[in-house]
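Let the hints inform the model, and build the full structure from the sequences given.
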Amino acid sequence: MSAAPASGPIFATGRVKANGLLCDGMHRLDLELPRPTAFAPGQFAMLNFGGRDRLIFGRPLSILAVEAGAVSFLYRVAGEGTSRLAAVAPGAELAYFGPLGNSLPPRDDGPPRLLLAGGVGLPPLLAWHHRHGREADLALFGARAPQQVPWTLLSERWAVSVDSAGQTPAGRAAFEGTVVALADKLLARRPERDWRLLACGPLPMLRAAARLAAARGWSCLVCVEERMGCGYGVCRGCVVPARAGDWLTACQDGPVLDAATIDWERFGASAPTPGGGS
Amino acid sequence: MSAAPASGPIFATGRVKANGLLCDGMHRLDLELPRPTAFAPGQFAMLNFGGRDRLIFGRPLSILAVEAGAVSFLYRVAGEGTSRLAAVAPGAELAYFGPLGNSLPPRDDGPPRLLLAGGVGLPPLLAWHHRHGREADLALFGARAPQQVPWTLLSERWAVSVDSAGQTPAGRAAFEGTVVALADKLLARRPERDWRLLACGPLPMLRAAARLAAARGWSCLVCVEERMGCGYGVCRGCVVPARAGDWLTACQDGPVLDAATIDWERFGASAPTPGGGS
Amino acid sequence: MSATPAWFALDVGAPWRLGSRVLPGRIWTASGCFGYGLDGHDIRHEQFGSPYAGLGCVVTKTITPQARAGNPQPRLCELPHGALNSIGLENVGLSSFLADKLPELAVRGVPFLVSLAGTQPDDFGAMAAALAAVAGELPNWHGVELNLSCPNVAKGGVDFGTDPRTVETCCAAARACLPARVVLAKLTPNVARIVPLAEAARRGGADGVTAINSLIGLEVDLRTGRPVLPRRSGGYTGPGVQPVALAKVDEIVRETGMPVVGVGGIAGADDALRFFALGAAAVQVGTAQLRDPFTAAMIARMLAPAGCRP
Amino acid sequence: MSATPAWFALDVGAPWRLGSRVLPGRIWTASGCFGYGLDGHDIRHEQFGSPYAGLGCVVTKTITPQARAGNPQPRLCELPHGALNSIGLENVGLSSFLADKLPELAVRGVPFLVSLAGTQPDDFGAMAAALAAVAGELPNWHGVELNLSCPNVAKGGVDFGTDPRTVETCCAAARACLPARVVLAKLTPNVARIVPLAEAARRGGADGVTAINSLIGLEVDLRTGRPVLPRRSGGYTGPGVQPVALAKVDEIVRETGMPVVGVGGIAGADDALRFFALGAAAVQVGTAQLRDPFTAAMIARMLAPAGCRP
Ligand SMILES: Cc1cc2nc3c(=O)[nH]c(=O)nc-3n(C[C@H](O)[C@H](O)[C@H](O)COP(=O)(O)OP(=O)(O)OC[C@H]3O[C@@H](n4cnc5c(N)ncnc54)[C@H](O)[C@@H]3O)c2cc1C
Ligand SMILES: Cc1cc2nc3c(=O)[nH]c(=O)nc-3n(C[C@H](O)[C@H](O)[C@H](O)COP(=O)(O)OP(=O)(O)OC[C@H]3O[C@@H](n4cnc5c(N)ncnc54)[C@H](O)[C@@H]3O)c2cc1C
Ligand SMILES: Cc1cc2nc3c(=O)[nH]c(=O)nc-3n(C[C@H](O)[C@H](O)[C@H](O)COP(=O)(O)O)c2cc1C
Ligand SMILES: Cc1cc2nc3c(=O)[nH]c(=O)nc-3n(C[C@H](O)[C@H](O)[C@H](O)COP(=O)(O)O)c2cc1C
Ligand code: FES
Ligand code: FES
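Residue numbers (the numbering used here), protein chains in the order written: chain A, 165 to 442; chain B, 165 to 442; chain C, 50 to 359; chain D, 50 to 359.
It should be emphasised that the hints constitute simulated quantities derived from the structure, not laboratory data.
Check the hints yourself; a few may be wrong.
Claimed, not checked - Stretch-level coverage of chain D by chain A, calculated; a stretch enters the list once three of its residues show a Cβ under 8 Å from a Cβ in chain A:
{"id": "1", "segment": "80-92"}
{"id": "2", "segment": "331-341"}
What the hints assert, rightly or not - Per label pair, the in silico range of CB-to-CB distance:
{"id": "3", "chain 1": "D", "residue 1": "LEU187", "chain 2": "A", "residue 2": "ALA379", "range": "47 to 55 Å"}
{"id": "4", "chain 1": "A", "residue 1": "ALA182", "chain 2": "B", "residue 2": "ARG218", "range": "27 to 35 Å"}
{"id": "5", "chain 1": "A", "residue 1": "ARG218", "chain 2": "B", "residue 2": "ALA251", "range": "12 to 20 Å"}
{"id": "6", "chain 1": "A", "residue 1": "GLU429", "chain 2": "D", "residue 2": "PRO188", "range": "46 to 54 Å"}
We put the CB at the ideal spot given by N, CA and C, even for glycine.
Take a look at the structure:
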C-alpha cells in the first residue's frame, strides 16, 4: 500500500487560484503552491486558514490533481471549516500541508480494477484512473442526483449512478440506484472475471464494497476518513479499528487500507459524521 | 452630574455609514441606528462586532454627535479592537449599546467654562460646546502635532496646542506646548476671573487639569476612562478610586466625575494604557 | 441560529419546581454579572423588549455580612477566549442590601436568588436568617445561592468550596433558616473531584448545586512582562471555560442525580442546549450578560417551544 | 509577529542546565503531540527547514510498561477555543519503544525526554531502570518526564497526580534509577492547589515540574444531544487552557522557585513569552504542534536573540 511519492510533505502557504461550485454540493479548489509538489493518488493534504481565522486542526482533503503549480481538491460543505472554505476568494492564502498518507498502488499485472467512487470520494480514484486506468477497468461514480455529478471531470469511460433520476447532460446517462448496485449489474455481464476493488466514498458505500469483494474473494482497497488532528502520525487521533485487534491510522497506515484488515463492526461505531455523505 | 437624557439606552444593530481617518491617528465612525436616539455630551456607547468577530467585551467610545439618524464617534487605534474597527467598511453591522453613563451638566449661570480636550478626548467637550458653549468660554484642544488636529471639526472658537510645531491650515494657528500650558497662558490674560474646568483626555492631562483647578479653588469635571466589562453598572469592573475611600464607577457614577471626588494618587496606578494617549 | 434539535423537549419558560419553590423559568443570570437585578430596567431592545423578559431567575451579586471594597484596578482583562476578573467580591454588604436593594427588587418583581458568601460557616446561617426576616414575604424572592469560593478564615484560609465538610456545614446553616426557600451551593471547578462537594451539599440540605464558578487564570502584559491584574491571577470565565463546565455538570448529574444549574461560557441558545443535553435543570449566563444585557432574555426566547417562537 | 519585548533577555537557543544535564534549548514539544520524535523528519518548510531545527527537547508520547490500545473513536474533537482528546494513552509499550524507537532516536540525534506513566508507583522505577540500561549511552537522551495523570490502581484508582505522597514516591523511584538524567514531574491542573504537588516532586528528587497537563472537558454533539467522545469527557488543551496554565506556572515558580516547564495553549512566540515572563525555564508546544509541525521550530527562531533572527 505504500508507493510513497518521490518527495516528502511540505508545509507552505498556498494562494487560492480558483474556488467555486463544480456541481450541486461539490466545490473545486485550486491552490497555487510556492514550489512544485508531487503526489500519488489517494494522498491528502491538511488545509487551514491563516491569522485569526486559523482553525485548531487542519481539514483533510484528498488531492485531485497537481497541474501547473497548483494542487486541486474537490470538497463538499460539511460543517464550519468547509463552509468557510467555500467562502474563500481567489488570491486568499491558505496553509497547505501535504501530500500526506499512503496511496493507491500503481498498476500491476493483476486483474482489472473496479473503481467505486461516491460523491467527494472521487479525487483518489479519478487521479488513479487518470494515471493508471486501462480499457479493461470499470470506473463507477455514484451521486444522489444528476445535478450532483461533476460531468465535466468524468470522461465517458466513467459510468454514473444516481439515487434519484433526473436530467443528464446530452450524451450522458445515469443508472438509477446505488453505485454498488450498478457495479453488480455491470459485473453480471462479465461473470468469469476476477476484479480488484478500489473504493472511496461514504462509509456505507465502503462497507458495501468490502462486502461485495469479500463475498467473491476479491481484494478491495478503501480510502477511509477519520477525524484527524495532525495528519502526519503523531497524535493517534485518526485510528481505524483493525481486524487484528488494535488500530490502523488513517493518516499513516492509510488513508488507503485493505478492506480485509479493517474491523468493519467497530469501524461503524465511529463514523465522523453520522448521516453525513462525503 | 446626572442630567440623564430623555430616553434610556438601547441595544441595537447599527449599520456603518462612514468610517475613516479624520486626521493623523484619529478616525471618525458614523453609525446608522434603527431608531432615533438622544444623548447628552459626555455619554458613551459600547460598540462591538457581530458573529464570529464579536469581542468578549464591547469597546466604550464617547458619543460625538447624533445627526440624521446616525451616531458619530472619534477614535484612535489603541489595540486589537480599535484596529479592527478601523478596518470596518461602510455597510457593515456593529452592535451598539448606548447612550450610557452620566453627562456633562448643561449650562447654568455660574462662571464661564474652560474646556480642555486632549486627542480623542474631544467628543464630550465638542458636543457640550456645540450645545451649550458661549462666547465667554474658553475651548482648548491639544494634540501631539498639527496633523493630529481634526481642524474641520474645530470652529475658530477652539484654540489649539501641539507638542511639536508644524504646518497648520491657512488661517489656523497652534500654540506649542501642552494644552494645560496653553490654558495657563490664556488664563493669565484674564486674571480676575473664576472658571469651571471641563477636561477630557489622557490621564496625565486630567491630572494636570485637576491640579490647576484645585490650586485656584475652581471646580473641575473630568471624563475618565477605565477598563469596562458591561458599561451599565453590573460588573464593578470600571472603578475609579474615590477620595472618600471606596470607588466610583466610570460607567454609572461617571464617566463625568468631579475631580475633587477622585483619589488621584490611587487612580494613577490603574491607567488602562500605560503610556497610551487617548 | 439553528432550530431547536429534536431531542430537546424542555419548555424553558414554563414554571418548574426546585426544592419547595416553583421558579418561573430555566434561563437565569449568573451572580456578579447582572448586579442586583436593578440596573437593566431602562434598557431596551427592538426584539427582546426588556432584559428581564422571560428570565427564570436573577442571581444577585454575592453579598457578604459587611460591605467589601473589593480589589484594586485594573479588575478586568479581556482574553481571546474569555475574561479574567478580579472584582474581589465588592458589594454593599448585607444590611445595605436589605435596606436599599430589596425594596426595589420587591417593586420590580423580578424573580431572584440572593448570592451569599462569608468568611466562616456561621456567616451563612446568620445572613440567611436576616434575609428570611426581612424578605420572607416577597413572592419573587426564591432563596439563596451559596458562593463557597472565598477563603475560610475559620479554617486557615482554605477555600470553603474545596472541603466537603465545610460545604455541608454552610448548606446546613442556610437550610435551617430557610426551610421553604431554595438553597443552592455554587461549586468551584478548581478541585480534583467535584462530586464529593455536590454530595456534601446534598447532605447539608441543599436543593441543588450551581456549577461552575470561575477557573483560576492569569494573563501577562507582554509590554511589561508582568501579570495584567495587580493580584496576578483572577477568575477565568467565558467561552474558554465551557468545556470544563460541561464536564463538571455531567459528572454531578450522572453521579448524584441532583438538580444542577449549569453555568460557564453560555452566550447563545446552542450553549444553553449543551448543558440541558447533559441534564442541567437550569442555566445561567455570566460573562456574556456583560457584553449584552439581553443575552439571557434572547436565549429564553430562542428556546421557547416552537409555538411561542418569534 | 511583534518584536521581542525589552524585558526578555533569555537566549532560548543557548545550552542551559537542568539538574545534571545540559539541554540545547528552551522550546520543546509536548508529550503526545509529536509522537516519538520520528514522524517529522521528511517534512519540509521553506523558512524553517526541519521541524526539529532549534528544538530544545522532544518529549515522547507517554510510554507505559505494556502496550496500550487506547480508547475507542472518535478520539478527537475540535472546539472553538481548543481541542478535546481521548487518545487513552495508546502507546507501543516500553519494550517495543526500546527495541524499535530508541535506535532511530539514536540515529536522528534529536534531544529527547521519555514520558513515562504507570498504574502503580513501582512502575516508574522499573521503567526508568530499563531505560537507563538500554539508553544510558545515548547523548541525546536527557531523561524522563513522569506523566502522573493516570489512575493509580494501587490506590483505588485515584489519579497519581492529585496526591502529593504518590507524586513524591514516583519521583523518588525514577530518581533512584536515573542519578544523572533529568527527572521532571508533569502535573495535572485538575486540583485545588498545585504547589503541594510541586513540592512533593522536589522532595522526591525531581529536577523540576512540567505544568500543565490537560484540563478535563466535555463537548456535546448538538444533533444528538450526547457527548461527542464515547467516554464523555476528555483532555481539554489548546488556547483556551492558557490562562489556567499561566496561573499554575506562576504559583509554582513563585512559591517553590523550582524550574518549571510551561505548557498550555502555546501556538506562537507571544504565547511562549507569557510563560517566560513568569519565570518558566522552558516551554512546550502541544496542540499547536499537531496543526503545524513547525510551530516549535518557528517559535525558537522567532525568539532567538536579535543577532540571530532571520
Ligand atoms: C483522508 C481524508 C480525505 C478526505 N478527503 C475529502 C475530500 O476530498 N473532499 C471532501 O469533501 N471531504 C474529504 N474528507 C472529509 C473532510 O475532511 C471533512 O468533510 C471536513 O474535515 C469537515 O470539516 P468541517 O469543518 O466542514 O466540518 P465539522 O463537522 O465542523 O468539523 C469538525 C471536526 O470534525 C472533523 N470532521 C468532520 N467530518 C469529517 C470527516 N468526514 N472526515 C474526517 N474528519 C471530519 C473535521 O476535520 C473537524 O476537525 C476527507 C477526510 C479524510 C480523513
Ligand atoms: C467612557 C469611555 C469613553 C471613551 N471614549 C473614547 C473615544 O471617544 N475615543 C477613543 O478613541 N477612545 C475612547 N475611550 C478609550 C477606548 O475605549 C479604548 O481605546 C479602547 O477600548 C481600546 O480597545 P482596543 O481593543 O483597541 O485596545 P486593547 O488594549 O486591545 O483592549 C484590551 C481591553 O482593554 C480595554 N482598554 C484598553 N484601553 C482602554 C482605555 N483607554 N480605556 C478603557 N478601556 C481600555 C479595552 O476596552 C479592552 O477591554 C473611552 C473609554 C472610556 C472608558
Ligand atoms: C465580573 C464577574 C463577576 C463575578 N462575580 C461573582 C460573584 O460575585 N459571585 C459568584 O458566585 N460568581 C461570580 N462570578 C462568576 C459567574 O457567576 C459565573 O460562575 C462564571 O462567570 C462562569 O460563567 P460565564 O462563563 O458565563 O461567565 C463573576 C463573574 C464575572 C465575570
Ligand atoms: C492529542 C494529545 C495527546 C496527548 N498525549 C499526552 C501524553 O501522552 N502524555 C502527556 O503527558 N500529555 C499528553 N498530552 C498533553 C500535552 O502534552 C499538553 O500537556 C497539553 O496538551 C497542554 O498543552 P497544549 O495546550 O499546548 O496542547 C496530549 C495532548 C494532546 C492534544
Ligand atoms: S491524524 Fe494524528 S495520527 Fe493520524
Ligand atoms: S463597566 Fe461594568 S460596572 Fe462599569
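Tested hints:
1. 80-92: Since three or more residues must qualify, the claim that chain A covers the segment 80-92 of chain D holds, with 8 doing so at under 8 Å.
2. 331-341: It holds: at least three residues are needed, and the segment 331-341 of chain D offers 5 whose Cβ sits within less than 8 Å of chain A.
3. D:LEU187 to A:ALA379: 47 to 55 Å: holds, 52 Å
4. A:ALA182 to B:ARG218: 27 to 35 Å: holds, 32 Å
5. A:ARG218 to B:ALA251: 12 to 20 Å: With Cβ atoms ~18 Å apart, the hint holds.
6. A:GLU429 to D:PRO188: 46 to 54 Å: holds, 48 Å
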